[in-house]
Amino acid sequence: MIEVENLHKHFGSKVAVDGVSFTVKKGEVLGFLGPNGAGKSTTMRMVTGYLPATQGRVRIGGADIEENEIEAKSKIGYLPEAAPLYSDMTVEAFLRFAAEMRRVPASEIQAAVDKAIETTFLEPVRHQSVDTLSKGYRHRTCFAQSIIHDPEVLILDEPTDGLDPNQKHEIRQLIRRMGETKAILFSTHILEEVEASCTRAIIIDRGKVVADGTPEELKARATNAGTVLLRATGLAGSGIKAELEKLSESSKVEVIESGDDGITARIAPAKGKAEKLSAAVYGVCKEKNLTVHELKVEEGRLDLLFREITKKDADK
Amino acid sequence: MDAFITLILEFAIPTAIVAAIFVALLFYVLPREVRTIFKRELKSYFTSPIAYVLFVVFLGISNALSFFFTGVLEGGEADLFLPYFQYLPWYLILIAPAVGMRLWSEEQRLGTLELMLTMPLAPWHAILGKYLAAAVVLFTMLVLSFPIVWTVNFLGEPDNGVLMSGFVATYFVALCFLAVTSVISAITRSQLVALLVSVAICLVLWLGGLPHLSEMLMNLKGGWLVAWPVLKLVNMVGVMPHFTELAKGVLGLRDIVFFVSFIAFCLFATSVAIRLKRA
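If you read the sequences in order, they're chains A and B. Taken in order, the first sequence gives residues 1259 to 1574; the numbers are from our numbering. Taken in order, the second sequence gives residues 7 to 285; the numbers are from our numbering.
Isolated chain A (complex conformation) (with noise of 0.2 Å):
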C-alpha cells in the first residue's frame, strides 16, 4: 500500500533523509522511531505530499505522490504532528469540512462525521469551539479528521502525544485495531506504544534507517536480551559467581549482590548461546544444591536498543 524508494530530502546544504526505504502492507502497522530531529516528520511530510522528495519515489496503493498527486492523496488519511486545525470552526464543522474535503458523498457526511466523533471520543465537546479546546481533545479532533473517509492507508505523525495515559490506551487499542484492514505507518518516541500496536518497526537516525523488524526481533538484537537474571542462597556468593562464569554459556557475570550466604547476579549470554543459558544456570543451582529464589530470562529491552543503536552513531 506505502510504497517508498530511496527518499532524500535536502534543505540547501542539510541532508534531512538520506536514502530511506520501506513498504507497508495492507494490514501491517509501521511503527516509526527516531530520536528528536532524525528525519521522522520530514519522511512523512513526503509521504503525504506535502513536502516534494529531493530524490527516490512514494507510491500510495500504486498511484505516484508526485505524478499522480490527487488519487495517491485521496487514499491517504493524515495526522500532522502539530495536529493544526482551524480555531474558527466548532468540532463538528471542521469534521464536516474535512469530510467534504476528503470526497465523502454528501448524503453520507453525517454519518462519518458521527463516527469518527464517536471512535475518537469527541462526543463532549461536539459543538465547542476549536480554540476552546484542550491539548488532548485538539490532538484528537485532528485525529478524527485523518479517519473521516475510512481511508486506506493512514500516516499519524506522533498520534499520542498529548494524550493521558487512558487515551494512550485507547488510541493504540484503536490503531491495532485498524492496522487489521489497513496500512498504517505511525511514528512515536514512545517505545511501548510499539510494543502495543505495531506489527513491525522501524528505526531511523539522522535520515538513515538504522533498523529494520518486528518488535521481537528488535528486541532481541539489545545487548540485554536473553540476560538471565538469578538470585540464589545456599554457598557464598564468591563461590558462585566462579561456578557461572565456569559455564560457557556465559560471557559475564555482573554481580548486582553479594554475601556470606548467597548471590544477585546478571549473566550474560555467550554468542549464539542466549537459549540454553537459563537451563545452564538452572543447572549450576542444582548441582550445588542452592535454593533459587528468581532465574528470570530478559526479553530485551526495546529502549535500550534504540539508544545503543542511536548512540553508537552519535559517537563516529
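Derived from the structure by calculation, the hints contain no laboratory data. Accuracy of the hints is not assured; some may be wrong.
Simulated pairs of lysine-lysine, DSS-like, Cα-Cα distance not exceeding 30 Å [unchecked claim]: (1) A:Lys1393 with B:Lys49; (2) A:Lys1569 with A:Lys1466; (3) A:Lys1554 with A:Lys1531; (4) A:Lys1373 with B:Lys49; (5) B:Lys49 with A:Lys1333; (6) B:Lys283 with A:Lys1272; (7) A:Lys1554 with A:Lys1529; (8) A:Lys1529 with A:Lys1504; (9) A:Lys1373 with B:Lys45; (10) B:Lys45 with A:Lys1333; (11) A:Lys1466 with A:Lys1504; (12) B:Lys283 with A:Lys1466; (13) B:Lys283 with A:Lys1333; (14) A:Lys1546 with A:Lys1534; (15) A:Lys1393 with B:Lys283; (16) A:Lys1373 with A:Lys1393; (17) B:Lys45 with A:Lys1393.
Non-contacting residues of chain A with respect to chain B, defined by C-beta distances greater than 12 Å in every case (computed) [what the hints assert, rightly or not]: (18) Val1273; (19) Glu1339; (20) Ala1340; (21) Ser1345; (22) Met1347; (23) Thr1348; (24) Asp1408; (25) Gly1420; (26) His1447; (27) Thr1491; (28) Val1550; (29) Arg1559; (30) Leu1562.
Glycine included, each C-beta is placed from N, C-alpha and C at the ideal position.
Mind docking chain B on chain A? Use the hints.
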C-alpha cells in the same frame, strides 16, 4: 417614488444578476473543492469580527469624506464621479489588503496549510476558493455603500450608468489589490507583514499609473537609464488609467483584459509562492 424605481431597475437588479451568475458559477461550474474552501473561508470572515470592522471603517470613511468634505450635498446636480469614486481606490489600498491579509498567512501560522495541501485537491482549487471568498466580502462592502447612490438620486437626476461603471471600476481595482495581497500572504506567516507589504505594493500600483509619471517618463529617456525600465514597468502595470477609463463609463475591452490578466497572474504567482514555501 420615481427615484426608488430607478434605483431598483438600475442598481438592485444588475447587482442581483451579478450575484446570481456568481452563485450559478460556484455551484454548477467550479469543482466541489473550490466550493468547500470558499464556504469555509467566507464563514470564517463573518464569524470573526474582521469583516464587520472593515465594513464600518470603509463605509464610515468613504461616506463621511464624500458628504462632508467633497460637497456632494452642496453640489446639487450630483456628479458623483469626482468626489466619490476618485477617492475610493485610495481607501481600498488599505481595505483590500486588510481583507486579504489572512488568506494564506493565517493558514501557515495555524499549520493548516499542511492539512490542506495533503488533501486530494489541486492547489488552484484552494487559491481560487479563498480568493473568491475575499472577493465576496469586498463585493458586499461596495453593495453596502448604496446609501450614497440613494442620496444622489433623491437630490437630482444623475447619470446612473456612470455611477454603475464607477462601482464596476472600483470593484476591479479592489480585486487587483486583493490579488496582490493573496501573493504576499502566501509568502509570510505574519498577517501584519502581509498587510504592510501589500499596502505598499498597492500604493505603488496605484501611483504608478499617475498621468504625471507617464509624462515624466516621456521626458526622461536619456539620463535615468537604470531607473527608467523599473519606472516604465511600474507605469505599465499602474491601475489608475484603467480605472479612470472604466469609471468614465467606457466599458473598454482593453481595460477589462488588463484587470483580468493582472488578477490571473497574481493568483498564479500565489501558487508559485506556495510551492516554493514547501520545497
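Comparing the hints with the structure gives:
Between Lys1393 (chain A) and Lys49 (chain B) the alpha-carbon distance is near 25 Å, which keeps this suggested pair within the 30 Å criterion. About 14 Å separates the Cα atoms of Lys1569 (chain A) and Lys1466 (chain A), which keeps this hinted pair within 30 Å; it holds. With a C-alpha separation of about 16 Å, the suggested pair Lys1554 (chain A) and Lys1531 (chain A) falls inside the 30 Å cut-off, and the hint holds. Of the supplied pair hints, the one linking Lys1373 (chain A) and Lys49 (chain B) holds, its CA atoms being roughly 25 Å apart against a limit of 30 Å.
About 28 Å separates the Cα atoms of Lys49 (chain B) and Lys1333 (chain A), which keeps this hinted pair within 30 Å; it holds. Of the supplied pair hints, the one linking Lys283 (chain B) and Lys1272 (chain A) holds, its CA atoms being roughly 17 Å apart against a limit of 30 Å. The straight-line distance between the Cα atoms of Lys1554 (chain A) and Lys1529 (chain A) is roughly 19 Å, inside the 30 Å bound, and the hint therefore holds. Distance restraint check for Lys1529 (chain A) and Lys1504 (chain A): the Cα-Cα separation of roughly 15 Å lies within the 30 Å cut-off, and the hinted pair is therefore satisfied.
Restraint check for Lys1373 (chain A) and Lys45 (chain B): the C-alpha separation of about 24 Å stays at or below 30 Å, so the hint holds. Between Lys45 (chain B) and Lys1333 (chain A) the alpha-carbon distance is near 24 Å, which keeps this suggested pair within the 30 Å criterion. Taking the CA atoms of Lys1466 (chain A) and Lys1504 (chain A), the gap is about 41 Å. The hint is violated against a cut of 30 Å. Between Lys283 (chain B) and Lys1466 (chain A) the CA atoms are separated by roughly 25 Å; this keeps the pair inside 30 Å, and the hint holds.
A threshold of 30 Å between alpha carbons decides the hint, and for Lys283 (chain B) with Lys1333 (chain A) the separation of about 24 Å falls inside it, so the pair holds. A threshold of 30 Å between alpha carbons decides the hint, and for Lys1546 (chain A) with Lys1534 (chain A) the separation of about 19 Å falls inside it, so the pair holds. A threshold of 30 Å between alpha carbons decides the hint, and for Lys1393 (chain A) with Lys283 (chain B) the separation of about 27 Å falls inside it, so the pair holds. The suggested pairing of Lys1373 (chain A) with Lys1393 (chain A) holds, with an alpha-carbon distance near 21 Å, which does not exceed 30 Å.
This hinted pair checks out: Lys45 (chain B) and Lys1393 (chain A) have alpha carbons roughly 27 Å apart, not beyond 30 Å. Residue placement check: Val1273 (chain A) keeps its beta carbon more than 12 Å from all beta carbons of chain B (closest about 15 Å). In this structure Glu1339 (chain A) is not separated from chain B by more than 12 Å, as the shortest Cβ-Cβ distance comes to only about 9 Å. At roughly 5 Å, the least C-beta separation between Ala1340 (chain A) and chain B is not larger than 12 Å, which violates its mark as non-interface.
With 12 Å as the threshold on Cβ separation, the claim that Ser1345 (chain A) sits away from chain B is violated: the shortest Cβ distance comes to roughly 7 Å. For Met1347 (chain A), the condition that its CB be more than 12 Å from all CB atoms of chain B is violated, with the nearest at approximately 7 Å. Listed as outside the interface, Thr1348 (chain A) is inconsistent with that label: its C-beta sits roughly 10 Å from the nearest C-beta of chain B, within the 12 Å cut-off. Under the 12 Å C-beta cut-off, the non-interface status given to Asp1408 (chain A) relative to chain B holds; the minimum distance is some 14 Å.
Against chain B, the non-interface label of Gly1420 (chain A) holds: every CB pair exceeds 12 Å, the least being about 15 Å. The non-interface label for His1447 (chain A) is consistent with chain B: the shortest C-beta to C-beta separation is roughly 20 Å, beyond 12 Å. Listed as a non-interface residue, Thr1491 (chain A) keeps its Cβ farther than 12 Å from every Cβ of chain B; the least gap is roughly 60 Å. Remark: the non-interface label on Val1550 (chain A) is consistent with the geometry, its nearest Cβ contact in chain B lying 57 Å away (cut-off 12 Å).
Residue-level check passed: Arg1559 (chain A) sits 34 Å from the nearest beta carbon of chain B, beyond 12 Å. Non-interface status of Leu1562 (chain A) relative to chain B is upheld: no Cβ of that chain comes within 12 Å, the nearest being about 34 Å off.
Going down the numbered hints, you'll see the structure goes against 11, 19, 20, 21, 22 and 23, while the others check out.
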